[in-house]
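Q: Using the working numbering, you'd call the opening residue of the sequence shown number 1 and step up by one each time.
Any given hint could be a false lead.
[As the list claims (entries may be wrong)] Cut-off 20 Å, straight-line C-alpha distance, at most; resulting in silico cross-link-like pairs (SDA-like, lysine to any residue): (1) K37 / E21; (2) K48 / I61; (3) K37 / Q20.
[Stated by the list, open to error] Derived DEER-like restraints, expressed as beta-carbon distance ranges: (4) E92 / I47: 39 to 45 Å; (5) R52 / T91: 24 to 30 Å; (6) L17 / G60: 18 to 24 Å; (7) A18 / K48: 26 to 32 Å.
Simulated from the structure, these hints should not be mistaken for lab results. Each residue gets a CB set at the ideal place from its N, CA and C atoms; glycine is no exception.
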Amino acid sequence: MTTIQINAMIMGQSYTLACQEGEQAALHHAVAYLDQKMRAIRDAGRIKGTDRIAVMAGLGIAAELLSMQRAEGPFAGLTIAQWQQQIAAITEVVDQALAPQEKLF
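Start from the sequences and build out the full structure, keeping to the hints where you can.
A: This is the structure in C-alpha cells:
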C-alpha cells in the first residue's frame, strides 16, 4: 500500500500527517473531530496551553470510545473494522431507501 501525506490544521497549527492510500477521508474526519473537541475545551476557558487541551480532548475521546465498547454499549465487542462494516451496511440501506424518493424530485 502507498503512504499518503496530508496537511491538517488543528487549532490553527499545521501538521503533516501520513496515512494509507484510501484512508485520507477518515483521517480528515478524525482531524476535524479532534479540532472541534480541542476548540470546545479552549473556548470553555478553564484550561490553558495546547498540550493540556490536547490531553483533555484525548481523554474525552477515549472515554467516548470506552463507553461504546462496554458490555451494554451499542458497539460492545466490535472492532473498528466491524464498526465500519456496520456503518457501511446502514448507509447502503439508507441509500436504497432514498433512491426511489429522489425520482420524485
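Q: Need the list of violated hint numbers for this structure, in ascending order.
A: 1, 3 and 5
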